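Chemist: Each chain is listed here by its residues.
Number of protein chains: 2
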Amino acid sequence: MSKRSVGVSLPFLMPDAGREAGPLHRQLYERLREAILAGTLAPRSRLPSTRTLSRELGISRGTVEEAFAQLDAEGFLERRVGSGSVVALPDHARGPRSVSARGPRFVPAHGGAKAASLGGLSRRGRRMASDVLPAEPRDVRPFTPCLPALELFPTTLWARTVAKQARMLEPGRMTAGEPEGFRPLREAIAAHLGPARGVRCDWRQVLVFASTQQALDLTARLLLDEGDGVWLEEPGYLGARVAFESAGARLHPVPVDGNGPRVEVALARAPKARLAYVTPSHQYPLGVTMSLSRRLALLEHARASGMWLFEDDYDSEFRYATRPLAAIQGMDVAGRVLYAGTFNKVMFPSLRLAFLVVPEALVDAFTAARAATDGHAPPLTQAAMAHFMESGHYAAHLRQMRLVYAERRDALLDALERETRGELQLGAAEAGMHVTAFLAEGLQDVAVIERTDARGLGARRLSPLYLGRGRRQGLVLGFSGASPAGLRAAVRTLCGLLDGPPRQPLRARRHASAAGSSPPSPGTRG
Amino acid sequence: MSKRSVGVSLPFLMPDAGREAGPLHRQLYERLREAILAGTLAPRSRLPSTRTLSRELGISRGTVEEAFAQLDAEGFLERRVGSGSVVALPDHARGPRSVSARGPRFVPAHGGAKAASLGGLSRRGRRMASDVLPAEPRDVRPFTPCLPALELFPTTLWARTVAKQARMLEPGRMTAGEPEGFRPLREAIAAHLGPARGVRCDWRQVLVFASTQQALDLTARLLLDEGDGVWLEEPGYLGARVAFESAGARLHPVPVDGNGPRVEVALARAPKARLAYVTPSHQYPLGVTMSLSRRLALLEHARASGMWLFEDDYDSEFRYATRPLAAIQGMDVAGRVLYAGTFNKVMFPSLRLAFLVVPEALVDAFTAARAATDGHAPPLTQAAMAHFMESGHYAAHLRQMRLVYAERRDALLDALERETRGELQLGAAEAGMHVTAFLAEGLQDVAVIERTDARGLGARRLSPLYLGRGRRQGLVLGFSGASPAGLRAAVRTLCGLLDGPPRQPLRARRHASAAGSSPPSPGTRG
Chain A
1 MSKRSVGVSL PFLMPDAGRE AGPLHRQLYE RLREAILAGT LAPRSRLPST
51 RTLSRELGIS RGTVEEAFAQ LDAEGFLERR VGSGSVVALP DHARGPRSVS
101 ARGPRFVPAH GGAKAASLGG LSRRGRRMAS DVLPAEPRDV RPFTPCLPAL
151 ELFPTTLWAR TVAKQARMLE PGRMTAGEPE GFRPLREAIA AHLGPARGVR
201 CDWRQVLVFA STQQALDLTA RLLLDEGDGV WLEEPGYLGA RVAFESAGAR
251 LHPVPVDGNG PRVEVALARA PKARLAYVTP SHQYPLGVTM SLSRRLALLE
301 HARASGMWLF EDDYDSEFRY ATRPLAAIQG MDVAGRVLYA GTFNKVMFPS
351 LRLAFLVVPE ALVDAFTAAR AATDGHAPPL TQAAMAHFME SGHYAAHLRQ
401 MRLVYAERRD ALLDALERET RGELQLGAAE AGMHVTAFLA EGLQDVAVIE
451 RTDARGLGAR RLSPLYLGRG RRQGLVLGFS GASPAGLRAA VRTLCGLLDG
501 PPRQPLRARR HASAAGSSPP SPGTRG
Chain B
1001 MSKRSVGVSL PFLMPDAGRE AGPLHRQLYE RLREAILAGT LAPRSRLPST
1051 RTLSRELGIS RGTVEEAFAQ LDAEGFLERR VGSGSVVALP DHARGPRSVS
1101 ARGPRFVPAH GGAKAASLGG LSRRGRRMAS DVLPAEPRDV RPFTPCLPAL
1151 ELFPTTLWAR TVAKQARMLE PGRMTAGEPE GFRPLREAIA AHLGPARGVR
1201 CDWRQVLVFA STQQALDLTA RLLLDEGDGV WLEEPGYLGA RVAFESAGAR
1251 LHPVPVDGNG PRVEVALARA PKARLAYVTP SHQYPLGVTM SLSRRLALLE
1301 HARASGMWLF EDDYDSEFRY ATRPLAAIQG MDVAGRVLYA GTFNKVMFPS
1351 LRLAFLVVPE ALVDAFTAAR AATDGHAPPL TQAAMAHFME SGHYAAHLRQ
1401 MRLVYAERRD ALLDALERET RGELQLGAAE AGMHVTAFLA EGLQDVAVIE
1451 RTDARGLGAR RLSPLYLGRG RRQGLVLGFS GASPAGLRAA VRTLCGLLDG
1501 PPRQPLRARR HASAAGSSPP SPGTRG
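Line by line, the protein sequences are chains A and B. Just so we're aligned, residue 1 is where the first sequence starts under our numbering, counting upward by one. Just so we're aligned, residue 1001 is where the second sequence starts under our numbering, counting upward by one.
To be clear, the hints were calculated from the coordinates, so they are not data collected in a lab. Heads up, some of the hints might be wrong.
[Stated by the list, open to error] Where chain B lies over chain A, by a calculated footprint (3+ residues, C-beta under 8 Å):
no., segment
1, 76-85
2, 122-128
3, 164-175
4, 204-214
5, 369-381
[What the hints assert, rightly or not] If you want the footprint, here are the derived chain B segments under chain A, 3+ residues with CB under 8 Å:
no., segment
6, 1208-1217
7, 1260-1273
8, 1368-1377
9, 1466-1478
Bear in mind the structure is a predicted one, so any value in this text is a computation, not a measurement. The C-beta atom is built at its ideal place from N, Cα and C for all residues, glycine as well.
Between the sequences and the hints, there should be enough to build the whole structure, so can you do that?
Modeler: Right, here's the structure in full:
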C-alpha cells in the first residue's frame, strides 16, 4: 500500500522522541496537516495505510489511527473502508505561506504603531494606533512623574488583604460582577470623596474603572460624535488628548495661566464645544489651581449650554500648603460634571482601579456601555480595595504619603534653587507629585531629555503637551518616587547637563531640532 | 461685629457633636459653603469675625479660623485684615439646585439605558447605551448558558496561587504593566494554544484582555469605520453584534446551517464586508461545526479581498465526541485571522482574563490602542493565571471539566428525550456548555422564558439572537453549571411549563406577543 502513496516522505513524518515535542499522535497529526497545507501532499493523493505507517515509523497503530481520525474529523482526509485515506484539501487553500509566525521582526510598540503597519486599519484605527501616548510609568527613576513612593507602600498589609479576599472565593463571587463596579467599593469611594474632596454623590453615581484613561475613553465615546468640539487645557494631559482624538473630536486648546485655563478665551474661540477637560485642583502639567471665578464661569457655561465638564482630579489629595481644594463637582448645580479619580497613583500603578462619578442621568448609559465594551473590573481587587478603605488603611496611607511627598518636594525645590543658575524657572508646586521647570531661552527640551534619559533621570518633556503653537520648552519633574537624597543627586546630575561643557552642544543642537517644534514663546502661558 | 453680618443664622452653623459628623472645622466649612452656594449667604455679605463665631458657637477660635482659611483658599471668602470676611461668590453660581443627589430615582440599568436618559449622549453614545446586551452570567441557575461548574473549581488552589503572587509585590511589579499583557502569561497561552487548538503563533502575537467583549470592542474600533460591512452568523452571539453596532458597522446576517455559516450566501450578499465574525469550532448558539470547505472558502476570500476574520473560540475546549477541532487560525496563510479565547468560561466569570491572537502586522496597532483605551490588565491576576498554567493546574482543570460537562450534557439530553413529547427539537450538542432547543410550531420563546424565569431556570431566548427576519423560536439551555440531578429536575420543571395545563395560556399569549417578533420559520436555519 505504501507504494501507491504519492509524495509522502516517511522520515519527514518521524516523530521526535523528546518529551517537549508532545504526544506522538499529535506530532504525526501536525506533520501531516502541515504537509497537506504546504502542498507536500497533493490533493487526492493517497496516504499509506495506518498499518504501513505504524510499521515504518515504529509507532503503534493506535497512535496513527488517532492522528488519522483527527485529520478526518477536520476534513483533511477522506477515509474509505478498504481503499485507505485520500488527501481532501481543495486546491485553493495553498497560497504562499505568509512570513512565518516564528521568529518574526517584532519591534517594541510603545509610542504608537509604525506607519508601515497601519495599512489594514480603519481610519479610526489609524488615528488610535498612531497616537503617541507615553505609557504609564514603568521606570522607577528619580524624576518619573506621578510615580508613588513604591518602597513605602504597605505591601504586606495589602498582600494579606488580597489573600483574604481570594480565600473568600465561592460560587456567589465567581459569577460575573456588575459593570458599575463592586458595591462596597463604590460606597467606600463615595464616603471618602465627600469629606476629602467635597464631591457630592450617591454611591450609585460612582462607577469603577481600570484607569482614568478608560473613564476618559468611554466618556469620549458616549458623549462625543466625530467632529464635536472639546476644550483641552494648553498645555495639558496627553492621555485626555489621545482619548478625545480617538473619538474623532475637534480639539480646542485653552491657554492656562496662573489661575488655570482661560475660560473666556475658550468661550470666544469655541463656544459650541460639547465637553471641557479640566484639572482644576492641580493643573497638569503646570500645577496651578483654577480660580473660583473661572470655576464658576465654567459651571455656568456648562449649565447654560449643556456642555459636559470632565474634572480629572488625578493627584489633588496631595496638597502641601493648604488643605486640598474641593472639587468643582461639589459646586455643580446642573448635573454637568463627570469627576474622575484614580487609585493607581495613591496606591500603585499596576493596581488598575480608578473611578468616575457621573451625573445621575448618565449612570444607565455608562452601565450599558461598560457591559458592551469590556464588562467590568475584577471583583477580587475591587473587594480588596474596599476592605483597605473600610479598615482605614487607605486614609492612613494617604496621610503618610502626604508627609513623605511634602518632604520630597521640599528636597527637590531646595536642590533646584541651590544648584541651578537661571537655566530653570519653576512652575507651581503647592500640590501633587511633580513640578514643571521651564527651560531658559535657548534650551530645547528634546535635547535636554535626550541627555537626562541617557543618565536615567526619568524626566519628561513639556513641549509635547502643547497642542498648538507657542510651546514652552520645559521639563516635567516628578518628585514623589525618589528619596530626598536621590532627588538631590538627580538635580546635581541634571544641572551638570544644563550648563558647563555639555551646554554648548545643547545650544548647538537647538537649531537642528527646531524644525520639528515651534520656538519657545514664554508669553503663551499667560 | 455679628450685627453687621447679613442673613447668617448662627444656630444653622452649629456643629454636631457626634463623631460621625466629622471634625468641627470641617462641619463649619461645609455649612458655610453650602449656605454660600444656596444663596443663604448673599454675595458681598459680611461674615461674623472668627472671634464672634467662636464665642457664639462655643468652639475654639482655631477651629473657626481653619474653616475660614479653607473657604478663603477656595475663593468663597475674601478676608481683609481689620474688616473681616466677605462672601465672594459671584451671583451666577446660584441656579436652582438640581434634583438632590441623595435618594434619587435609581433604576437598575441592565439591558440598556432607558430612552429618557439618552438625551445628553452623542449619536454614537445612544447607539452604545441602547443596545441590549444580556449581561454575563450572574445567576447560578440550572440552564444559565456558559456558566462553569463553579462548585468544582479548585478555589483553595487558586487562592493560594493569588496569595503567592500578591506576596511577591515589590516595586518592580508595582509600576504599570504592558498593554500587550504579562509576558509569562502570553507565553503560557501560546504554548497551550498550539497543541490544544492548532493555533500557530509567536507569544508576541498573544494580547491579554479582560474579556472577549473587550477584544471584540477594540477590534471593531481598530479595523472598522462607520458604515463598514460585517458578516455575522445568523443566529449569532449578541456580544459581537453589540460591539460591531457600537462601532457603527453595517451588519450582514449570514444564515447558519448544519455546516456552519453559509459563506456563499454572504459572498453574494455582501462581498465587500471588511470583517467576518465566526465561531467555527462550535457555533453560538446552534452548536454546529463549520465544515472544512467553508473554512477554506472563508480563508481564501479573506486572503483575496483583505477581509478580516474574527474567530471566537469561546468554548471549544469542551468537545465530547471527538478531539477539539483545530482553529482556522492555524490554516490562515495570509495573516487575516484574529483568534479570541477566554479564561472566564474555563475558570470562572469574575476572573476577567481573555486573550486575542492577532496577525503580526496588527500587534503594534493593538498595543498602541490598548494603551490609549484602558491601559492593561492587572498584573496580579495575569501572574496568577500564568503560574496556574505553568504548573499544570489549568490543563488538569480543563480535563476534569471536560468529563464533568460530558456527564452533564448526557444528563440533560437524556432527560429531555425522556420528558419531552415533541415540544422541543434539539440542535447539535457535541461540544460546549449549552444546547439549543427549538420550540415546536406555535410556541413563542418570549412567553416560555417568562415562565422559566419565574421558576428560576436560567434558560435564554433564541429568537433575539437573530438579526433579520425568519427567527426561529427556541431556548438556549446551558448544562455546564448544574449537577445531573439539578438538570433532570430542571427539565421536569421546564416540561411542565411546555405542556399540560400551562401550555394553553402560552399558546394564547402567542398572538399578543407576536407583534414584536417575526413568525417562526424553521426553514431559515438551512
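Chemist: Look at each hint and say if it fits the structure.
Modeler: Do the hints match the structure? See the list:
no.: 1; hint: 76-85; verdict: violated (count 1)
no.: 2; hint: 122-128; verdict: holds (count 5)
no.: 3; hint: 164-175; verdict: holds (count 9)
no.: 4; hint: 204-214; verdict: holds (count 7)
no.: 5; hint: 369-381; verdict: holds (count 12)
no.: 6; hint: 1208-1217; verdict: holds (count 6)
no.: 7; hint: 1260-1273; verdict: violated (count 0)
no.: 8; hint: 1368-1377; verdict: holds (count 9)
no.: 9; hint: 1466-1478; verdict: violated (count 0)
Checked against the numbered hints listed earlier, the structure breaks hints 1, 7 and 9; every other hint is satisfied.
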